[in-house]
Each structure stands twice: as structure tokens, then as C-alpha cells.
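Participant: Listed here are the chains, written in short residue letters.
Number of protein chains: 2
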Amino acid sequence: MAPSVTLVDFDTVKSKSHNLSLVDHEDHDLVLRTFRVLIADLVQHFNGGHPGGAMGMAAIGVALWRYTMKYSPDHPEWFNRDRFILSNGHTCLFQYSFLHLLGYKHMTLDQLKTYHSPSPDSFCPGHPEREHTGIEVTTGPLGQGIANAVGMAMATKHLAATYNRPGFDIINNTTWCMTGDACLQEGVGLEAISLAGHWKLNNLVLIFDNNNVTCDGSADVANTEDINAKMAASGWNVIEVLDGSNDVQSITNALAAARDSSEKPTFINCHTVIGIGSAVAGDAKAHGAAFGEEDVKNIHQKFGFDPEERFNVPDKVYDFFRKDLRSRADSVDQWEVLLDSYCKAHSELGDELRQRIKGELPSNWENVIPKSFPTSPTASRKSAGLVCNPLAKTIPNFMVGTADLSPSVHMSWPGKVDFQSPTLKTVCGINGNYSGRYIHYGIREHAMASIANGLAAFNRGTIIPVTSSFFMFYLYAAPGVRMGALQELQVIHIATHDSIGTGEDGPTHQPIELAALYRAMPNLLYIRPCDSEEVAGAMTVALKSKHRSTIISTSRQNLPQHVESNRYSVRYGAYVFREKEDAAVTLIGVGSEMCFAVEAAEDLERNGVKARIISFPCQRLFEEQSREYRRSVLRRVETLVVVVEAYAANGWERYADASISMKSFGKSLPGKDAYKYFGFDGKVISCKILAHLDAIEQQRALKSEFIEL
Amino acid sequence: MAPSVTLVDFDTVKSKSHNLSLVDHEDHDLVLRTFRVLIADLVQHFNGGHPGGAMGMAAIGVALWRYTMKYSPDHPEWFNRDRFILSNGHTCLFQYSFLHLLGYKHMTLDQLKTYHSPSPDSFCPGHPEREHTGIEVTTGPLGQGIANAVGMAMATKHLAATYNRPGFDIINNTTWCMTGDACLQEGVGLEAISLAGHWKLNNLVLIFDNNNVTCDGSADVANTEDINAKMAASGWNVIEVLDGSNDVQSITNALAAARDSSEKPTFINCHTVIGIGSAVAGDAKAHGAAFGEEDVKNIHQKFGFDPEERFNVPDKVYDFFRKDLRSRADSVDQWEVLLDSYCKAHSELGDELRQRIKGELPSNWENVIPKSFPTSPTASRKSAGLVCNPLAKTIPNFMVGTADLSPSVHMSWPGKVDFQSPTLKTVCGINGNYSGRYIHYGIREHAMASIANGLAAFNRGTIIPVTSSFFMFYLYAAPGVRMGALQELQVIHIATHDSIGTGEDGPTHQPIELAALYRAMPNLLYIRPCDSEEVAGAMTVALKSKHRSTIISTSRQNLPQHVESNRYSVRYGAYVFREKEDAAVTLIGVGSEMCFAVEAAEDLERNGVKARIISFPCQRLFEEQSREYRRSVLRRVETLVVVVEAYAANGWERYADASISMKSFGKSLPGKDAYKYFGFDGKVISCKILAHLDAIEQQRALKSEFIEL
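Chains as they are written, first to last, in full-length UniProt numbering: chain C, 1 to 709; chain U, 1 to 709.
FYI, nobody ran anything at the bench for these hints, they're computed from the structure.
Treat the hints loosely; a few may be bogus.
It does not matter which identical chain is used: a pair holds within one copy or between any two.
[Stated by the list, open to error] DSSO-like cross-link-like pairs, simulated, lysine-lysine; straight-line CA separation at most 27 Å:
#1 K703 <-> K580
#2 K688 <-> K703
#3 K416 <-> K285
#4 K546 <-> K113
#5 K393 <-> K358
#6 K580 <-> K113
#7 K393 <-> K285
In this text the structure is predicted, and so the values were computed from the model without any measurement.
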């Protein structure tokens, strides 16, 4: 269903379009031809990759980088640069090739040729990766980039509202995000789109490479909605460009209008032809495979290049992109001068901003964490509030949000201001403004995690995003959490209601298997503290982990506060909680089930069996300790090690000989009853261990097998 | 932002509304008052639960069950009943209480009073659960119910197109789905909504309990989009009911119009007041807690009930709902008569339909699986096609779909017909009709899994849904997969590209930690076959597992076909692949990494170390075997057991002493190079094992620790 040409709600936009001369148009023709031939060559080189999208989007790239975006290849880390995000990450050659043409020094033609090569040192992986210069976020899993872009645009809005002062427009960059059909079908993209409209992020532009082709053929096989009307209903400006494959002028005008949009994010629906110039132009076959030698030759001929030559980029094309390299670098210098005068005029703010640009927290942050906690039973979600709220209140880097669980997750603090469009007050009486640091994500866990990645990726350490929801719903958020860990982003997830202690909400809300995912996820710390003291330790670890993401997993229900718990030992992953000479049993207590380990140890003692206890909040941290430390904590050779946790046991076999664990989904019962129902009770546990000790006496082989008791 | 009253695209709907008399209106008043007081009482009884939504939705329930829906409490499993799905599952008391009032025998008043009680035998868990009579699907995780409803409506469309014949409108039920604000914000809901519009499921009605309140307060804090316009843009009819709390007549009219909608699904935007009648009416406080004794008394008084009495349901209210119990049962009898004559008139179809109503496959299904496979190297995704395609082609129960990866997942078969609205042909040239059994889900993995749950839940075994995508993107789908496993639904997920062998697409596409999730997930079989033969075994297991979900996990790359592999042993989870007397080492080969285990065994042999090999496609199936069998396969006491798998090792510690595994995210390299880069190479593995054997000689304690080599 080809939508008609529309310009929806566009009258408020003041166009500052470039007037491109005839020379420009000639240049464009050469540039577009060169670019498309280059893409075809690169994909053919190692006979694999995604050529079609990149070829179709060429004119959009010219409009973006030549005429619109604010950046300097000599200063790729410039704080106030425009951010570009390729949500349709499989078209990465689009970005790599433009980085090369624009003069990013690391991206040589030889580097480009490593795309899909066996070289482990390539800057051109199959999807863009954040660790490489010029790439803002890693993309590939579809829809993520849109949410990341929303986070980036929020970061700008927030920092601008916090630091800009009259005459000092220090932070005013725009976020540009490319998307294909796919990201607009994915739930995470749709969630993020709703939020961007709600927040009126007028510094966000989403450019739709509308080639109407997906892997299965015409996009119409699975999608016939009216995307323009849908975006408008979601609070976006909509601009349509009919010939997005070639019409650099119209695209440039649309981008300029979008950048200057007064009150909404803008969606630019650019109609393009996938694989334009190839024999499979406009077809799904152009999406994800090399064209073949024959067609590559035809493409060369069609675009006026020698069919036998490869990787030919005329100097004129380089000149076209690089002629303003100097002036782009000058803009950065001018911004530095502006920042200097700002810091003089507003010295306190200036110091703070400079610190944040460096990605640092105020030096006193550790002192903000309470030194002690109430000794009465406390739900660890409340403990998380006791630890996080003062940090959030006093440290400007914190932006704390929730997927609509404010009353449950205890993450708001007295005097918090919501991150909202200030215009919302008059529309529907909702308070807040862009300087606010408390984020209502709505019931959108996936977008929450992925937007948080964007907030964190804006500039390392400038913003520490904290998300919060029930632990079970971090399964919805999991692809976002994964992308944060993969990109080494410092994002802190506060997950509450983390076991069957959640109770009446039942098996749909009781995580059984989810910890297994997060304990196996590389570069992610899944920390399950047993009380307030360990929550303080967990937050300290999370804040010192500048290159990884953390989940702090807390209870719904009240937990006893243990005299043996120790915040400073959380960093070791596990530690001796209660030592005992000549112990026969080591009990591993974890999170909210520590209380059962303690009860069981005491009951074993009454039955003449000495039991020691270790607290084990984080497997990954423990793995990083020396073998000597690990052995001294576990004492596996001398004791029967039994872990007590109301999750599936998977993974504990590394540390324990047996488990008190969950073998099924949970059950809707009050928390205490749910625990009892599944055998989480000191006496029951102790009995099982006694029986198992007897069985081992009789049959030594048992200790070489892991047993779920 | 209160939307104005609209009736969008409604002119095609022929209204067959009930004309309710004055008596009815008086009845309604009593019924609504009784219902609301009952809800307040039930939540107060154990001082917990969700009262507000249920109270606000009372009039919708009356309109649905009294005037609109087709069902019989005496025949709760009637095949052609209307399906009702409560996507906002926390309002479960709404459904439980109506089931009671309507005369579902199991749902006594005493049963209702077990809500939030410590009784493990309650039919009233904190969210609706499919195993209880009258509940079609388990809901709670938000957005799932909408996708389930889409699956249910598809099932009807498909079965009707397949079996109905002139004069025999055997299958013509409607699917009614309640949703709150939350499900409409969740990505999975939005994905499913797009698909329902695309497929023109005019037998689907989504009723929006629009109380504009979420946990965080006004829904406006996180959502200000124009939902009516958005739904219309997504291809839905939109009807708005202004007084959804009380106006039974308007709601009934809207439902009737929706049921008779000619070509689109219908969205009914019902404005209601959460917790109506309570002191916190219209406030988030009415959402998830008891009102307190004081307010409960006030509610009683306000609604004309004795403030001290509890659980008072006047006979007149029972009469109101139950007076047509007999005629409802008669309708079922009439349908059975119709089915009998259908079976006479169309005997072949009738036999098939009866078999499917019983949830059975054709008796010859095992013969449809190929007896042998090509011996040349074959990607196991292709093997999955070789096994699944003939089944899908010949067995009508199969409905196979993909999240836009048809060219990659090999799940389509010659002559397959797409499930599509037949009108799409004229709109945009897309072929297909509702009898089609190949489903293009678009790039919507989460909705795919959750819609598949709806297809499976329509009636056990009638439809066997098969989904397909890259394994990595089953992380997007995970909440849906979980809900399938939790509900014991037979859904088969074909996951391809399942390791670092995926190659150039890089770490975003290489699952490292995901198997840990699915191996820990209760009631889910995660099967990783090593070649075509084991794929055949995996599919056989999946088809015999009528009460669980299965993921069959396959490779992108070609795999050698092993003479030792055995389809019949897959059911045991693991089996001896290559036995060796006096072996020092047992190698566990898994899925596409079996080839490295074989190479390593051969290299060990060359170095004088005897190594046996076991194939280990499924941990959960292995756990179900006897201890004797498990010991005989693993031989842990006599041999060093080493698992070879390109995933995080977590969980393998139960079966192995050491692993060749992944300790980080993957890398973008051609598949073979990615394996080499991470040490997956027979020689390298063999060297590591030899070194480890030496270390064990020197230090026995090593065998009591799990080592990542």
C-alpha cells in the first residue's frame, strides 16, 4: 500500500534548506554512482554481506553527512557532535563507507576491504560495533537502534536543560537514526517511538529507508499499516520523500526541516530502491548476499565504471566530502572556546559539566551510601531505595527510571523531578521538565533497557542510567540488557520481586530460570544481595564497574538483617558468612533465601552436624577471584556443599554438590506459603541434607553427581 | 488527553444490537452494584489483590457474558465457543467472579474466597491460569494476551476456511480480548496489533478498559498518543464508549457491531473509572491493594449493601445470569447435531476435523519423517527443513511461520499457501488465504511466539504451531516461549544460526548465554541435534511432547553427518556416541560442535589417550532418565568428562569436569574463523585436555572443581 505524498503537521517547521547548485547535482551523480559501485565491490570481495540497503540509502548519506550533520572526523569524540545511529545495522557498509569517504582516518580503503574477511582486527564487522571510532552504538538486533536514539536524544535534552545558559548553547546536538522496515515492526522500536512522541524529543530524527522489501519479499506480506498515520498518532512530525534513492535536495530539505522542528520528533519516510542499479534492484535478493561477479560488472558499467576495476574512488569524490574537514575541526575548536567562557561565567556548573564530560562521578560518591541500615527486617527492594535514593538525589549523573512500578520499586526520592516535556503541564497536568532525572518509561521494559543503553552511550559516564522493574520482566528487557553488556555500557538495573517470595502473583511473576540467563551473560553482573548491607556492596560494585552492566536483584518481602553480612565482601562474589571448624556441610545462602540457609545450619547443628555458611551474591565476581580464594571459601573437598536458592539450580553445580532449588515453575500462594510449598524451610532443608549425608556414607559416588535434594 | 467521541470507519458495520428493556436496566444496576461489592470483599478477605480494574470493568462483563458471547457453562470445552482472554490478567477477579455468577460449577463462592489465600488448591490464582476451567490462556505478563487472542482468532479463521462448507458453518466463534493501558504499551501487544490489522481478523475484538490509570498514576505520565488514530492506522475499526463503567446498552451495541464487522478487527475504547465506588476511585491506589475495612464498609453503603455483611449475592443476580443456562447448553447440542450431519455430508473432511478436535495427529505421522538423509555435509537448519517440510505439507495440524527469515530457515515447502487475507491480492498483489498454513509474522519474534501460543491454546493439538527465526532472536521471543512452556502448550520453535558458527553477523547474532536460559526453563525442551539424524529424533520428541514446548536448535553452517548419530536415542537426552574401553576421557559433543569433539577424540587417540564420545542434545530429557542410565552414559568416576560447546558453560558442570566453551561474547568473523579464534579446533582441544590430565595427575583436587579449559 504505497502511501500518498503527505506533509503531516509540518506547518510549524521553519525550513532552512540548503540551496544546492547545479555543480552540486553533478557531484551528487558521481558520488552516488561511486558509492554504489564501491558497496557492490566490497560485498563481492569476500562474497558475503548486505549490499542492497546501503546502495539504496546512498543519497540519504550524502544529505546527512555532507549537508546536515554536525561532526568532525578529526574529533570523533566531540561531546556536542550530532549522533548517528544505524538501527538497520546490517547495512553497516553504508556507515563504514561514508566514514571512509568523510575522512575518518582509521577507516582506510584497506580497512573497508576487511568487511566479512577472516581478519580479527577489522573495524568493519558484520554489524556496527561501538568500540570502533565513529560508531555510536552497536546495532544489529532490530529495533534496538531506535530505542538507543531515543536515549541519546533524551541525554541531549537533559544536559541542555541542565547546563545551557543564555548565550551558552553548549549542548544542542541532534540525533539522527536510520531505520528499515524491520525496526518499525519490532516491539522495542514501537515502544520507543511512543515514548519519543510523548517526550516531544524534537532533537530526534528517524529516517525510514522505505524500500518496502524484507527478507520474505515485499514488506506487504506482513505489514500493510499506514505508517505515516501511525507515526503522526504517536506524536511525530511526518515528512515524506518520494525519491529517496536520488533526490539529495529533497532529502536535505527534509533533514533541515526535521532538525529545526519546534516541538516534535520527526519521521522522514524516504522511499528508496534496495540494491539500486543491480539486476535484483527492488527485490529481496538484493538484501543479504553478494551480487555475483557478473552482476557486479554490470553495475560497474551501468554506473560508468570500468567493469574489471575494483574499489575505484575518484579524487573528486573524496574532495566532495573532505573539502570542509578544516572548517568542521574549527567548529569544534570554537565550541571548546565557548565551553571555556561558559566555565568562567558559570564556574560551579562548568566544573560539574567538565567532570561529567570526563565521565566522572563526584569524588565523594561513596560517602553518600548510608553507613548503616535499620536492623529490623527489610525488603531488599527497600534497601535498594535506601542506597540508591541518596545517590540519585545528590549525584547529577544519575537518571533513574521505572517501567511503571514506582510504588513497588522504591526508586523515587523526595524532591525528584520527572523527565518530561514541560508542555505536558498545560496539556494534561503532568509535572516535570527536561532537567528532571526520574523517568516514567510506562509499561515498556524492553524499551526502558534499550533507551538506558542510549543514555549511557551518549558519552561514557556522563549519565548513569538506573532502570527498575520486577525481575521477571527483565525477561522482556533481556535483549536490551544484553546489548548494554555487549557494549560495555554502565547501566544499573534494579530488579525487584526476584523469587517465589513474590507470592500471590503466581508463576507468571516468579522468576525460576532467569538468573541462569544473566549469570551466563558475558560482562553482566547479576548480584543477589541477602540484606541491606549487601545491597550497599552491590551498588558500590555497580558504580565502580565503568565497563559493564549490573543487575541488582532484590526481594519483595522483608528479609532479616544479618550481623554476618558484609558490604565490602560483595566485590568477591562470595565470602565466608559463618565459619565453623570441622564442618561437614557448607551451605550457600543466596539473596532472599539466605534466611533458609541460616535456619538449616542451625537445625543441622541441633542434629550434631556442623555447618558453615557462605554468602554468594554474584557468580561472575567470584569467578574472577584466585583459585586459592575460591577454594578457601567453598571448601569442597572437606565439606558437602549445598546451595539454597529458589531458582532452577543450573550453574550452581560449579560450586555445590547439591541444591535446594526449584524444579518447576512457581505457584500463586502468599510468599511464605510458596516457600513452604516448595520445601524452603530450615527444618525441611536440614532433614534432606541429613538424609543425603547418610546416602553418601553408603555410596561415595554420589558426591561426583550433582543432586537436587 | 481525553480523545473525542469517534466512530472510525464504522459505516460498514451492520449493527444487530440488543434492545434492552427498562427491566434490564434495573437488573443491571443491581448486578453492577453486587459485582463491585463482591470484588471489594474478595480483595479485603485476604487483604491483597487487584480490585480496581475488575470493579471498573463490571458493565463490560455484563455486556459480554449476558448479551454477547457464545458459550455454555455446562460445556466449557465446547470447540466452537467464543474465546475470552483477559490480557490485563491482574484483574482476574473480574473473570473469576463472572465465571461464578454465570454458573460455572467449579467456581463456587467458597472457591472465589480462596483468592490470595494460602490454599494450594485454589482455582483463583493471582493471575488467570489455563489449567483451570473457563480460562483460555494464562495471562499476567502484559501484552501477551493480545497476541494470544490474535492466535485464537487466526485459528478460527483458518479452521473455518478449511472445514466450513455451504450450509455448515461449523466453526465461527469470535475472540474477545480485554486489555488495559499496559498491554497497549508493551511491544508484544503492538506487534500483534499490527498483524491482526494486516490479516484483517474481523473475528477479533479488543476491548480497552480505558481508565487512564497505571501504577505510576495517570497513564498520561508515560503515554499521550492518540490511541484511536493509531489503531485505525494499524487497520482496525475503532468504536468509542464514553461511559464504559455503567452503560451496558452502549457497550452491548458496540460488541454486537464489532462481532459483525465485515473486514477488520475492532478496537472498542471503553472509558471506565478504576475502583469505581471506592474512596480511591479513579486513582492508582485503586489498582493493586485492598481498600481497607473502612472503605469496604463505605462501598457497601454506597451500593446499598449492609456494611457489615460480606459476600452477599442476591438470588436475583444469579437468576439474571443463569436463566439461559439451558438454552446455552441446547446451542451446544444443536452444534453437535450440525457437526454430525456435516460429517455425513463431507465424510473425509469430517473425519479429519473430528480427529483434530480430539487433538490427534494422523496416525501415520511418524512415517512422514524421512528414513534417511544425504550423507554429505548438511547445515542442520536444512536438516530441519528436510524433516519438517514433509510433515507440514501432509499434516493439516501444522501451521508453520517465520519472523521474516524464509530464505534462511528452510521452513517453507513446495506448494505451501500463505495464511493471508484473500483481499490482499487485489490491494497489493500478495497471494494467500485463510486456509494457508505458512505464516509471515514479519520482523516480530516476540509476537510470533505469543501468537503461536494462542494457536496452540485454541484447542489442544488441533493446531501444532511451528515458529522459526535465528536462535539469538528467541531472546526477543523469550517471554512468549516461557508462557508456552508454563501453559504446557505444544509449540515447536525451530531456531537456526545457533552458535558462533553463525559467523560474520558477529556478537549481536551469536548466542552465547541463551541456551542457559532455555535449559533452565521448566517444561521446555531445548534440543541441539548434531546432524540430520538427530534432527529427525528431535522432531519426533517434539511431536510426542503434547504437554510441553520444544526448541530445536540448528546450525547455519554445514555439519558432517555422523555414522554414530541415532535418532531414536535423542529421546534419552544423551547417549553413547562412540564407546571406548579403558577410556581416560569422555568427550561430550553437542550440536554443531560435535565435529570438534570427534576431531579432539581422534587427536587424543594419536597421543595415546583413549577418549569416548557421547552426544548430548538435550539436558532436560537426560535428567528424566534413571540414575543408572545417566551413570552408564557419563562414566564420571572413571573418566575425565569434557564438554565441547561454543556457549557459556553454565549448567554443564552437572555432567562434566571441564569445558571447552565461550567465556565472552563472540566475534564477527567467518564461521570457521570464529571457531578457530575461540579455540574450537580438534588439535587445540586435545592439547588442552592433555595438559589438564597432567595437571590432575599432580593435583587430585582439580577434579572436584569445574574448569573452563
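Participant: Now, for every hint given, state plainly whether the structure supports it.
Facilitator: To see whether the hints hold, each was checked on the structure:
1. K703 <-> K580: both (21 Å within a copy, 25 Å between copies)
2. K688 <-> K703: both (15 Å within a copy, 25 Å between copies)
3. K416 <-> K285: For K416 and K285, the Cα distance is within 27 Å only across copies (20 Å; inside one copy 52 Å).
4. K546 <-> K113: For K546 and K113, the Cα distance exceeds 27 Å both inside one copy (33 Å) and across copies (51 Å).
5. K393 <-> K358: Intra 21 Å, inter 61 Å, cutoff 27 Å: intra-copy only.
6. K580 <-> K113: neither (62 Å within a copy, 48 Å between copies)
7. K393 <-> K285: between (54 Å within a copy, 25 Å between copies)
The structure fails to meet hints 4, 6 from the earlier list, while all remaining hints are met.
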